[in-house]
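Residue numbers (the numbering used here), protein chains in the order written: chain A, 1 to 254; chain B, 255 to 508.
Derived from the structure by calculation, the hints contain no laboratory data.
Just so it is clear, CB atoms sit at the ideal spot from N, CA and C, and this is done for glycine as well.
A couple of the hints might just be wrong.
Below, simulated BS3-like cross-link-like pairs (lysine-lysine); rule was C-alpha separation at most 25 Å, straight line [what the hints assert, rightly or not]:
(1) B/LYS470 - A/LYS228
(2) A/LYS216 - B/LYS482
(3) B/LYS470 - B/LYS307
(4) A/LYS53 - A/LYS216
Heads up, incomplete: computed chain B residues facing chain A, CB under 10 Å, no partners named [said to hold, decoys possible]:
(5) HIS256
(6) ARG317
(7) ARG337
(8) ILE444
(9) GLU453
(10) PRO456
(11) ARG457
(12) LEU474
(13) HIS481
(14) LYS482
(15) PHE487
(16) ALA489
Protein chains: 2
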Amino acid sequence: MHSAHFTAETSSNGVIERDFTVGEVTGALWSPASGSDRTPLVLMGHGGGMHRKAPAMTGRAQRLVADGGFHVAAIDAPGHGGRPRTAHDEQEIAVMQQAMAAGEPVGPIVRRYNAHLAERAVPEWQATLDALQELPEIGAEGQVGYYGLNMGTAIGVPLAAVEPRITAAVFGLFWPESLVEAARQITVPIEFALQWDDEHIPRESGLALFDAFASKDKTLHANAGLHKDLPRFEADSAVRFFVRHLGGAVTQPA
Amino acid sequence: MHSAHFTAETSSNGVIERDFTVGEVTGALWSPASGSDRTPLVLMGHGGGMHRKAPAMTGRAQRLVADGGFHVAAIDAPGHGGRPRTAHDEQEIAVMQQAMAAGEPVGPIVRRYNAHLAERAVPEWQATLDALQELPEIGAEGQVGYYGLNMGTAIGVPLAAVEPRITAAVFGLFWPESLVEAARQITVPIEFALQWDDEHIPRESGLALFDAFASKDKTLHANAGLHKDLPRFEADSAVRFFVRHLGGAVTQPA
Numbered sequence: 001m002h003s004a005h006f007t008a009e010t011s012s013n014g015v016i017e018r019d020f021t022v023g024e025v026t027g028a029l030w031s032p033a034s035g036s037d038r039t040p041l042v043l044m045g046h047g048g049g050m051h052r053k054a055p056a057m058t059g060r061a062q063r064l065v066a067d068g069g070f071h072v073a074a075i076d077a078p079g080h081g082g083r084p085r086t087a088h089d090e091q092e093i094a095v096m097q098q099a100m101a102a103g104e105p106v107g108p109i110v111r112r113y114n115a116h117l118a119e120r121a122v123p124e125w126q127a128t129l130d131a132l133q134e135l136p137e138i139g140a141e142g143q144v145g146y147y148g149l150n151m152g153t154a155i156g157v158p159l160a161a162v163e164p165r166i167t168a169a170v171f172g173l174f175w176p177e178s179l180v181e182a183a184r185q186i187t188v189p190i191e192f193a194l195q196w197d198d199e200h201i202p203r204e205s206g207l208a209l210f211d212a213f214a215s216k217d218k219t220l221h222a223n224a225g226l227h228k229d230l231p232r233f234e235a236d237s238a239v240r241f242f243v244r245h246l247g248g249a250v251t252q253p254a
Numbered sequence: 255m256h257s258a259h260f261t262a263e264t265s266s267n268g269v270i271e272r273d274f275t276v277g278e279v280t281g282a283l284w285s286p287a288s289g290s291d292r293t294p295l296v297l298m299g300h301g302g303g304m305h306r307k308a309p310a311m312t313g314r315a316q317r318l319v320a321d322g323g324f325h326v327a328a329i330d331a332p333g334h335g336g337r338p339r340t341a342h343d344e345q346e347i348a349v350m351q352q353a354m355a356a357g358e359p360v361g362p363i364v365r366r367y368n369a370h371l372a373e374r375a376v377p378e379w380q381a382t383l384d385a386l387q388e389l390p391e392i393g394a395e396g397q398v399g400y401y402g403l404n405m406g407t408a409i410g411v412p413l414a415a416v417e418p419r420i421t422a423a424v425f426g427l428f429w430p431e432s433l434v435e436a437a438r439q440i441t442v443p444i445e446f447a448l449q450w451d452d453e454h455i456p457r458e459s460g461l462a463l464f465d466a467f468a469s470k471d472k473t474l475h476a477n478a479g480l481h482k483d484l485p486r487f488e489a490d491s492a493v494r495f496f497v498r499h500l501g502g503a504v505t506q507p508a
């Protein structure tokens, strides 16, 4: 097993941001600058074509650290961020770009390619979690959440289905076809976002994926608007969700 | 037109609670004890069989005043709380109780009776709003929200459809049949709650009512659970919704 190897550290606004690698996987870890004793850890999965420190990711990390006192970790998905693309990655991305340029539906390609990426990413996330739980400031006892939309859901749902350390998750903005079976195995609390007028994901599809989760405690947030119109206040809602479910988050040491 | 006539006043936890009447309508007004200069006003409609100061109402009022700095007003619906029942009220309530005792669906009766109550309650709400806006601490310039679930939605949707002073509303937990036409006339921001496993209101019905609102800015919150299982955190969400949309709420005077 690999340990986390830290490669860079910066600090601003009360948040320490450290880049790390676990084997070939590149990641980022955000933590409260004030220190915190084994607070919960939130894993964040980024969207397709993005990377671990895309603006949406750093914005969410900032909120989770500042308002929840959490540690927050993100890794680049295979073929994303600083990580090399395989010939298969290049081929699928080319097919997707052709479909977009031709105005054809990209859903079938996104589902197929993201299911492939999830097979590669789930063991990477598990190895990353192993390594992060070796750190004294995180430890193996703290609770773990997962937060990812779009491709972050395509990877996060199969991850949460096989990873009992994840005890609460925020998902959304994906199709059910490739995920329903995994969703049916998930029983932890879920917050799920969809866009009511999503031009890519039919309304009934989003509702069907939410319905598939076996969780007794699950909440759907559906907002009017197109796929990319998800309101920013949903990021604040996600922080409150993790504060409710990961517990004992906010202890500001003197 | 009637002015508000105050009949009692108490104060606790930073909230002043005043009972009032406007004509024959009995109401309650909650305000910040610290005083506030023309902050927005939130109107609250109670559920069937309840009254203006039922625990769910006072709990929401406390949150709205403390966290939003709002004035909050509730009135007893016709035949509810301290208000006399007509022979028609007695008859409809008896029919409803018989259906419940027999384990028969109450939806059709609730919809019919609540539509009748809404016809009586809408002008009462408008007269109450006229009277409250005469108070110097509220005024006619401040923004007005409406917050009501169950029967509070059956009355609130037709009210908001005809009352342009209401600029944001939280609704939920009702059937579409009697409300769709009014909902289609509403364009202000909406937050709408439904229960995913509601044993009285079919899921598709709740979704259809949410869909009917013409608002460009609308959010659905669907939680797993039965009709009465609406999570308490939805009350906090409603406060944040009104803070976002009614604006300028929280100004603590020195």
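Hint by hint, work out which the structure violates, then give me just those numbers in ascending order.
Hint check: 3, 4, 5, 6, 7, 9, 10, 13, 14 and 16 fail, others pass.
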